[in-house]
Structures are given as C-alpha cells and as structure tokens.
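Asks: Here is what each chain is made of, one letter per residue.
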Amino acid sequence: MFMRLTLLVLLTYLTLGFAQAGTAPTELRLEDGTEIPLRVYPAHGDALLLWLACDEGHGTREARTAAKLAEKGIEVWLPDYLGGHFLPVAPSSMAQISGDEVAALIDLAQENTGKRFFMISAGRGALPTLLGVHTWQERHPDRPAPLGVILFYPELYADTPEAGAEVQYHEVVGKTHVPIFVYQGERSPGRWWLGHLRDALSAGGSPVESEILPKVRGYFYVRQDPSPPEEALAQRLPELIRKAMTSIESLPGAKK
Amino acid sequence: MKRLCLAFLTFVVLAAPAWALDLKPYKGGPTPPLALKDLSGTSHDLRNYAGKVVMVQFWATYCAPCIKEMPSVERLKIKLAGKPFAILAVNMGEDEKEVRAFLKKLKVDFTILMDTDAQAIGDWKVFVAPSTFIVDVQGKIRYTLQGGAEWDTPELMQAIEAMTAENPGN
Chain F
1412 MFMRLTLLVL LTYLTLGFAQ AGTAPTELRL EDGTEIPLRV YPAHGDALLL
1462 WLACDEGHGT REARTAAKLA EKGIEVWLPD YLGGHFLPVA PSSMAQISGD
1512 EVAALIDLAQ ENTGKRFFMI SAGRGALPTL LGVHTWQERH PDRPAPLGVI
1562 LFYPELYADT PEAGAEVQYH EVVGKTHVPI FVYQGERSPG RWWLGHLRDA
1612 LSAGGSPVES EILPKVRGYF YVRQDPSPPE EALAQRLPEL IRKAMTSIES
1662 LPGAKK
Chain V
805 MKRLCLAFLT FVVLAAPAWA LDLKPYKGGP TPPLALKDLS GTSHDLRNYA
855 GKVVMVQFWA TYCAPCIKEM PSVERLKIKL AGKPFAILAV NMGEDEKEVR
905 AFLKKLKVDF TILMDTDAQA IGDWKVFVAP STFIVDVQGK IRYTLQGGAE
955 WDTPELMQAI EAMTAENPGN
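Those sequence lines, one after another, are chains F and V.
In this text, residue positions in the first sequence follow my numbering: the first is 1412, and each later residue adds one.
In this text, residue positions in the second sequence follow my numbering: the first is 805, and each later residue adds one.
Where hints are given, some of them may not hold.
Reference listing, derived: stretches of chain V covered by chain F, where coverage requires no fewer than 3 residues with Cβ under 8 Å from a Cβ of chain F [as the list claims (entries may be wrong)]:
| # | stretch |
| --- | --- |
| 1 | 847-861 |
| 2 | 931-942 |
Quick list of in silico lysine-lysine cross-link-like pairs, DSSO-like style, CA-CA up to 30 Å [as the list claims (entries may be wrong)]:
| # | chain 1 | residue 1 | chain 2 | residue 2 |
| --- | --- | --- | --- | --- |
| 3 | V | K887 | F | K1626 |
| 4 | V | K929 | F | K1586 |
| 5 | V | K929 | V | K908 |
| 6 | V | K831 | F | K1586 |
| 7 | V | K831 | V | K887 |
| 8 | F | K1626 | V | K831 |
Counterexamples of contact, computed for chain F against chain V with all Cβ distances above 10 Å [as the list claims (entries may be wrong)]:
| # | residue |
| --- | --- |
| 9 | E1442 |
| 10 | R1527 |
| 11 | Q1548 |
Read the hints as simulated data drawn from the structure, not as lab findings.
In this text, a Cβ means the ideal position worked out from N, Cα and C, and glycines have one as well.
Chain V extracted, bound-state conformation (with noise of 0.2 Å):
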C-alpha cells in the first residue's frame, strides 16, 4: 500500500508541472522577424531584444480571454522586474483609436505593438486570440500558448523566470 502511495505520490508530484503550465513546446520553423511600432510610433525589432526572455503575445480588442488574462500578464511584468524579460504584446490588425479606447479601461502598462498589416499575424502563423510565444535569450521561440492564461501562476513564472536565468552565449 505504502508503495503504491510513493508510486502515486511520484506520479502527481513529475505530471503536476507538465497539466499546470499548458506550455508547449514550438514546433514551427526560425523565429520569423517581428518590426513593429507601438503606439507612440517607437520602432521595435525583436531582433534588439537579444539577452532578454520576451513573451511576443498576439492579442485583439474583441477577444475574451485576451481581455481576461492581460491584467496577469501585467502582473507577471511587476514580478518579473529587474529580470532581463519583455513582453512585446502585438495587437491583430484592429485601429490605433479602438486600441486606445481599450487600453485606457484596461490600464496595462506592457508594450502594444501595432501589426496594422497582419504581417506579423502571417510570419508568426497565428491562427487564435491570444497566441503567446515565449522566445529564449538567444532570440528562439521555445513554447507557445494558445487561448488564455493567468500568467503570474507560480508555474508560468517559474517556467519564464528559469528562461531568465540562461546564460545568452550558450
């Protein structure tokens, strides 16, 4: 009986991490390029973010759990200072104005790029609101999240926190 409690026991304790994080590994090709402006028109290239965990999440103003789960990933954002992460959220094709209007209610503080063309929609193949990408310190795209999260979860950081801590140059 005993051993069948450690044996459930060892079960939960190595399954809990893969149920709880519903990251999953990115499977697609090189992560495609991503140069957009955010709403004060400042050019941002993902390409300068080398060094730094970023979560590229691709997100809509008519989209329910994108507005459900911004104010975690705000979050995740104050938690996470002072580590070499970003979050680079890319708004899906929708006006500055509507844009605006929403953020103002929202109140996030994280980064609202502009993919006023879908090009980064199409590059990044993103099918679903919201889409997350958790590209490495070495500019690799090493998970994605499809639908909605609450992203300051002690799983979700723990994951992106660990990233935080590699060393660039390996």
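Only chain F is shown next, with the shape it has when bound in the complex (with noise of 0.2 Å):
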C-alpha cells in the first residue's frame, strides 16, 4: 500500500514537473517589476499572433476567438496589460501602453516560441501596437520582423481630431515599416478616411491591404447592443482574422 502511494506521488510529481517545463509563460514581468497576465491559447501551428485587447481578462469574444484560432493551429497570447497596470477597461486607457512594453512582449514571445508571429489589435490599441512594432524594429534590426499587423478599426490619430481641421496621425503612423491589414466598419465614419489612413500608414514603406466589413459599426465584435449583422459577423471573427493573415502574406514586401 505505501509502495503503491508513493509511487503514486512520484509519478504526479513527475508529471506536472514536465508539464510545468512544457508551458508558456503565464505572466509579462516588465523592467520596472510590473507584472502583466498573460493568458496563452497554446497551438501546435508556427504562427503566433499577439493581441493586444481592451477587455476584461476572461471570457470575452477575444479569449473565445483566441480559443477558436488556437484549435485550428494558430497560437494566440493575449496580455492583459490593462490588468497589470490597474487602468479601467476603456478604450482611452489603451494609449497609456507604451512601445516599450509591447517590444517588451514580442521579446519574450520570441524567446519562448521562436513563431513568426503576427500584431493585431483594434481601435486605440492600434497605436501601442504599431508603438511595439517599431520600437522593436529599431532595437533588433537583425531579427525577423513580425509577419504583419491585423487592425481593425483603428485609431492612431495625435490628437482628437477637430471638425474642419486637417487630421493629424502620430507619428509612428509614418514611420511603420511592416504589412498591414485594415478591417474597417461600413456604418463608421472612418470608412470615409480609409484612403487617407492608407495613404498615412503607407507612407513609412508599409504595405497596406483594407476591406470595408458590411453593415458593421466600429467596436462591433465588443458591442453591448449589437445588431443582428453586428452578431453575426462576431462569430466569424476567427475567418476574418485568418483571412488577414493569408491576405498579408500575399502582400508585396511581406516574409514567406
């Protein structure tokens, strides 16, 4: 009987030993000792996507896309820097994430993966994102660039752009050199500013590829009241993500 319990006790032992050595980081630990959750959607596929969310850390239509991608091969790292820094889960406390600590989490993600990896973010968490990207450009310029950038709806304007008045993008917007992929509300105003964001982002040497998504508001996939075709397109966002994927990938300039 005590043979038999010990043995038991070695081979749990064992076994979550080899499963601690197996698995991904559970936290974004910062220079400053700012530790930030990281929820990892592990897969066996090469590609890792890096989602920057303004969620609440569970059970959102990110974490459950994450789930969705991660079955079908993509691996998903969703950080909750919102969380780490105790910032409200609101749109404007995205700005307040630094370029740093997103290269910071592309670091790590290519120190314990080794994937090609992909950006993707949306609304005001597309200028962390593009922040990250460069900041990490500029410091490892012998590494391999991320794959691309997915952005839905994004925000990336200086300041709040007035009626009337020139808009004026930050600066990042003409300094991003990476491929970049555009999803945009038809029922938003920024549909009409496409071209120009385009033309803005297109201007640091990054290849850019948009499409207008039908009968959807910004903000559509997180929406308390979303209409029917808001809902509807929601439950496709897995498709549309892997659709931006292949669709970067195709375009000129982008790593095979």
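Got two chains here, separate frames each, mind docking them using the hints?
Replies: Right, here's the structure in full:
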C-alpha cells in the first residue's frame, strides 16, 4: 500500500514537473517589476498572434476567438496590460500602454516560441501596437520582423481630430514598416477616411491592405448592443483574422 | 469673505457660458462648398443661404448620439421659426431607403441632404458623427461641435439666436 502511494506521488510529481517545463509563460514581467498577466492559447502550428485587447481579461470575445484560433493551429497570446497597470477597461486606457512594454512582449514571445508572429489590435490599441513593433524593429534590426499587423477600426490620431481641421496621425504611423491589414466597419465615419489612413501608413514603407466590413459599426465585436449583422460578423472573427493573415502573406514585401 | 464670494460668483458667471456651450471656434479654412440634393431630389447650395445662420450637421442612422440629439434639433427649428435660420442635416453616405425608414420613426421635419459619395464629408473634414458647423449670415463657419448636444438648451439657442441678429452686410 505504502509503495503504491509513494509511486503515485512520484508519478504525479514527475507529470506536473514535465507539464510545468512545457508550459508557456503566464505573465510578462516588465523592467520596472510590473507584472502583466498573460493568457496563452497554445497551438501546434508555427504562427503566433500577439493580441493587444481592451478586455476584462476573461471570457471575452477575444478569448473565445483565441481559443478557436488555437484549435486551428494558431497560437494566441493575450496580454492584459490594463489589468497589469490597474487601468480601467476603456479604449482610452489603451493609449497608456508604451511601445517599450509591447516590445518586451515580442521579446518574450520570440524567446519562448521562436514562431513567426503577427500583431493584432483594434481601435485605440492600434497605436501601442504600432509603437511596439516600431520600437522592437529599431532594437532588433537583425531579427525577422513581425509578419504583419492586423488592425480593426484603428484610431491612430495624434489628438482627437477637430471638425474642419486637417487630421494629424501619430508620428509612428509614418514610420511603420511592416505589412498591415485594416478592417473598417462600413457604418462608421472612419470608412470615409480609410484611403487617407492607408496613404499615411504606406508613407513609412508599409504595404497596406484593407477591407470594409458591411453593415457593422466600429467596435462591432465588443458592443453591448450589437445589431444582427454585428453579432453574425463577430461570430466570424476567427475567419476574418485568418483571412487577414493570408492576405498579409501575399502582400508585396511580406515575408513568406 | 465677501470678496471671496464675489470673486467666485464672478468666475462662475463668466465661466458658465464657456463650458455650457461646448461650441468651439472653427479653426479650419474658408467655408467648403456644400451642394447636395435632399430626399425629394431638390438641390441645395449653401451659397443660396446667405443672410441666414445655417446649422450644417453631419449625421448617420447608425450613430446613437445623432438619434438622441435629433429631437432637440427639431425643437430648435421650431423655437427659432421666423428668424433667419436654417438647418441642413447631411447624411453621411447611407442609402436613401435606409434614411427614409429611419426618418419615419424619428419624425423630424428639417432638410435632410444626401452625401451619397461622401464628397462633403471629405470637403468639410468630418471625422465623427455627429459633427455640426454653425455658419454665420455671411457664409463663414464660426463654430463647430463634435458629438451630440441638446440643441434647444438656453445657452446654445442664445448663441445661435444672437448670430441671426447680425447684419449680413457687416
């Protein structure tokens, strides 16, 4: 009896030990000691999505989408920067994420997986995403760049645009040099400025592809009051992301 | 203490119009062209509204603040009836069927213009719905307001009414 129990304990210990050694990180520790919780959806494929979401860190559309993508072989990492910094879950909080800490996420992903990676974000998360990619590329010109960036209804203004005044994008928009795919809802003023934004993003050398999503507003997949077309399209989020990844890889200048 | 109270009151009286209005002085260039058709196919050119204060408002059926503020725009129109004042509500690129269905529910009676190809959105540099421009009697944009408002509040109404009293010749 004692022998059997000892064997069981030993086996459990060994199993947990191996499992621990093979698990992905659960947090991103920044230089100042801040711990950013990390939800990792591991997958066997060689593609990794680093997703800067403005969510509550659990059970969200992004998390459900990440799980579905992982089933298809695409690994997804969802860092909870807002939680790590005790920031309110609001689009405006995304502006407080620095390029340095996004670059640190890319470093961690590279060290742990070595997978080819894409970045993805939405709304105001687009800015820290591009800042992070730019910072990381500046630091590691010798390393393979991200395969691309997927942005849903990005907000990349330097300041809130004033009616009647020329729009000013954040300076990183003109410095970005990475393939980009932009999704914009048809039912949003931003759709009329998509060409303008594409030109601004291309100025830094980024090949840019875009698509207008019919019958949906901005923030369509996180809305509390989704219309039937918005709900239907939100269900297709994994498909939209995979489509953008494929498009990016076919852009001129994209890494294969 | 009396002086302190007086200073505070003076501050409140002077500051109140600034934060209550939310109208921002227009910082753009010359008034862009605006020549669009309404839902019945009649053409409207902003140049033909010289001598009137014109509220040019960009809106969309999908925009919640637009829906919320529209009844107050209608009330503003009624309250300023008889004054040289006009409303041109520019729909942001939606189709006629959608706009008609929306207006049936909302029951407003001001002029709706259709910017089908978004030419005016580009010319007027509209990034947010709703975005409102207040054009003075000389045809110059004086104020803008981004986002929704209650347009028949005393502060907003007084600001617009004061503009209607200006002499177009000045």
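Asks: None of the hints should be skipped; say for each whether it holds.
Replies: So, going through the hints one by one against the coordinates:
| no. | hint | result |
| --- | --- | --- |
| 1 | 847-861 | violated (count 0) |
| 2 | 931-942 | holds (count 6) |
| 3 | V:K887 to F:K1626 | violated, 40 Å |
| 4 | V:K929 to F:K1586 | holds, 24 Å |
| 5 | V:K929 to V:K908 | holds, 29 Å |
| 6 | V:K831 to F:K1586 | holds, 28 Å |
| 7 | V:K831 to V:K887 | holds, 27 Å |
| 8 | F:K1626 to V:K831 | violated, 33 Å |
| 9 | E1442 | holds, 36 Å |
| 10 | R1527 | holds, 35 Å |
| 11 | Q1548 | holds, 29 Å |
Comparing the model with each numbered hint stated earlier shows that hints 1, 3, 8 do not hold.
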